[in-house]
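Asks: Chains E and G, in that order, are what the protein sequence lines are.
Just so you know, we're using numbering that gives the first Met the number 0 here: the first sequence kicks off at 0 and counts up by one.
Just so you know, we're using numbering that gives the first Met the number 0 here: the second sequence kicks off at 0 and counts up by one.
Label pairs and their calculated CB-CB ranges:
1. E:96 x G:50: 42 to 52 Å
2. E:260 x G:9: 35 to 45 Å
3. E:256 x G:197: 27 to 37 Å
4. E:109 x G:204: 25 to 35 Å
5. E:43 x G:22: 46 to 56 Å
6. G:103 x E:199: 35 to 45 Å
7. G:63 x E:199: 46 to 56 Å
In silico SDA-like pairs for lysine to any residue, Cα to Cα no more than 20 Å straight-line:
8. E:9 x E:274
9. G:9 x E:122
10. G:9 x E:118
11. G:9 x E:116
12. G:123 x G:198
13. G:9 x G:236
14. G:9 x E:117
15. G:123 x G:134
16. E:9 x G:133
17. E:9 x E:276
18. E:9 x E:20
19. G:9 x E:123
20. G:9 x E:114
21. E:191 x E:178
22. G:9 x G:294
23. G:211 x G:201
24. E:9 x G:134
25. G:9 x E:120
26. G:123 x G:202
27. G:9 x E:115
28. G:9 x E:113
29. E:191 x E:174
30. G:211 x G:221
31. G:123 x G:199
32. E:9 x G:130
33. G:9 x G:291
Worth flagging that the hints you see were computed from the coordinates, not collected in a lab.
Each residue gets a CB set at the ideal place from its N, CA and C atoms; glycine is no exception.
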Amino acid sequence: MKSFFLALLKSRAGLFGFVLVLVFVLAALLAPYLGLPVPTRSNLVARMAAPTWTGLFSPGAHPLGTDELGRDILSRIVHGSRVTLTIATAAVVLGGIVGTLLGIVAGYYRGMVDRVLMRIVDIQLALPLMLLALLVIAALGPSTTNLVVVLALTSWLRYARIIRGQVLALREREFVLSAHAIGAGTWRIMIKHLLPNVLTPALVVATLELARIIIMDAALSFLGLGVQPPNPSWGRMLADGRVYISTAWWIVTFPGVAILLTVLSVNLLGDWLRDYFDPKLRTMR
Amino acid sequence: MPMNRYLAVKLGEALLAIWGVVTIVFFVSRVLGDPAVLLLPVGADQQEIDALRITLGLDRPILEQYALSMVAMLRGDFGVSFQHTRPAMDVVLERMPATIELAGAALLFGTLIGGAAGAVAALKRGTISEFVVMIAALLGQATPVFWLGIMLILVFSVDLGWLPTGGSGTIAHLVLPGLTLAVFVSASIARLLRSSLLDIMREDYVRTARAKGLMPRTVFFWHIARNALIPVVTMIGIIAGELLGGSVVIETVFAWPGVGRIIMQAIQAQDFPVIQAGVALVAAIFILINLLVDLLYGVLDPRISRQ
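Using the sequences plus the hints, can you model the full thing?
Replies: So this is what it looks like as C-alpha cells:
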C-alpha cells in the first residue's frame, strides 16, 4: 500500500488525476453544505447573468453566471455531479460485477459456455452502443434505475472479454491445479482462487469505463433521455443552453468544461493504474 | 485454415450476429408502444386504431409477426415504413451517403493527424513535441464530442460567422462536424500508436535489425511500423464501424441528415420497419468492416494468416 502511494506521488499525471477525482467526489458529497444557491431555484430578475468575479463571496454572486431561468450555473454543475457520479458509479459497479463473473465462468469452463457467451458479446458489439441505449431507454422509459441498467449493459462485455483472457491463463497455474487436486469445488475455485486474481485488471477496466460512461450518460441526457428535469444534469444543461448560444455563451460552456475535467481526471487515474498494475493491458481494448 | 473455409466460417458468424441483433431489436422495439395510436390524428376512436393495426399487421400474435418479418428479411424485404409509406430500407439507404461522407472525412483526417502525431510522440521521446501531443490527445479523448461541436459552432458560426451552424450539402457544411469527429478519432489513434510503437521499439528483433546496419528508415517502416500498426488497425476498424453506424449525437448537433438520426427518429416515432432495417444495415456494415480488418492483419503479419 505504501509503495502504491509512493509511486502515485512520483507520477505527475497520476497524482493530478487522483487529486482532481478526490476534489470532484468531495464536492459532490458535500454539495448541500458548500453554501451554494439552491440549484433549482429560479430568479427571473437575474436571468442569463454573465459570470462575475467581483464580490465572489457576497450572496447573489454568480461566478459562472446564471441560466435562462436565473438559476446559478456553478451550483447546478456541482449538484449535477452528484447525479452523474451516482449513476456512473452504480453502472460501473453493476456492469463490473456481471462482466467479471461471466468472464470468470467463460474462461474457467471454456467449451460450450465460453462459445455461447463470446457469441453474445459479438452480437452486442455489432450494434452501436448508442443505438442500443436509445432503444432500451425508449422502451423502458427514462428513469435513474433504467439509465444505470442501460449503461451497465453497454459496459459488461469489456470486463467479460479481458477477464476471460486472464482466467484462461490463470486456470493452468499451479495454485489452481492444486486446489483442484485437493478436491475444491468449481465455485470455490472460481470465487476463492480466480476472483481475487482478476480484481486488479477489473479495477483498471472499471476506471477507464467510468470515464466512458460519464460521457455516454451526458450524451443520453443531452438527447433528452437522461435524468429528468428539474434535477440538474450536465447533458441536459448543455441541451437547454444550446438555444441561447448566441446571447449567453456561458450556459453551454461550463457544463462541458465540467464533463471534460471529470473525464480527464478519471482517465489520467485509470491510465496510471493500468501502467502501475499491468502495462500489457494497454493495447487490449 | 484454407482461405475459402475461413471466409465461410466468418460469413456464418456474420449472419448469426446479424440475426441476433435483428431478433433483439425486434422484441425490444415491440415494447416501445403502439405505433397505430401515434400515426392516427389525436382523438381517433378505437375502431380506427384497430383497423390500422390490422393493416400494419400488428394484430397478429407476436411470434407470428416475428416469423413473418424474418422470412421477409431473408428475401431482402424489410417492410414499409409506417411514417413514410415507402420501403423501410430505402428510407435508411437514402441517408447512407451523408453518413459515409461525414465518417469518411472524420476517418481520413483523424487517421492522418493522429498517425503523424502518434509517430512524432514515439520517435521524439522526452521532447516538448511528445509532451504537446500527449496533452492534446488526453484533452481530445476527454472532451465530449457533442460539446466540442457546440463550442466550434459558438466560435466559427456564431462569433466569426465563417461556417453554417448545421445542415448539409456543401463542403462548408462538412467542416465543423467532420472536424469535431476527427478530433476524437485522432486523439485515440495518436495515443494508441505511440504506446504501440514504443512497445515494438523495445523488441529484440528491432535491435538486431539496427545492429546489422539497416538504414533507420528501413528499420522503422519494415520492422517497427508494420507491427505497431496491428492494434491501430483494430482501433480504426472499431471507430469506422461506429462512425458508419451514424453518430447520433453529432448528427443531432449539426442537423446532419445521416443514418443515426433517421434511426433515432424512427425509435421516437415507433416506426418498427425503419428501426429494423436501420439496425440490420448498421450491424452488417460493422461486421463487414471487422472482416476487412481480419484480412488486413494477414497482410501486416503473415504469421496470422497461416494459422
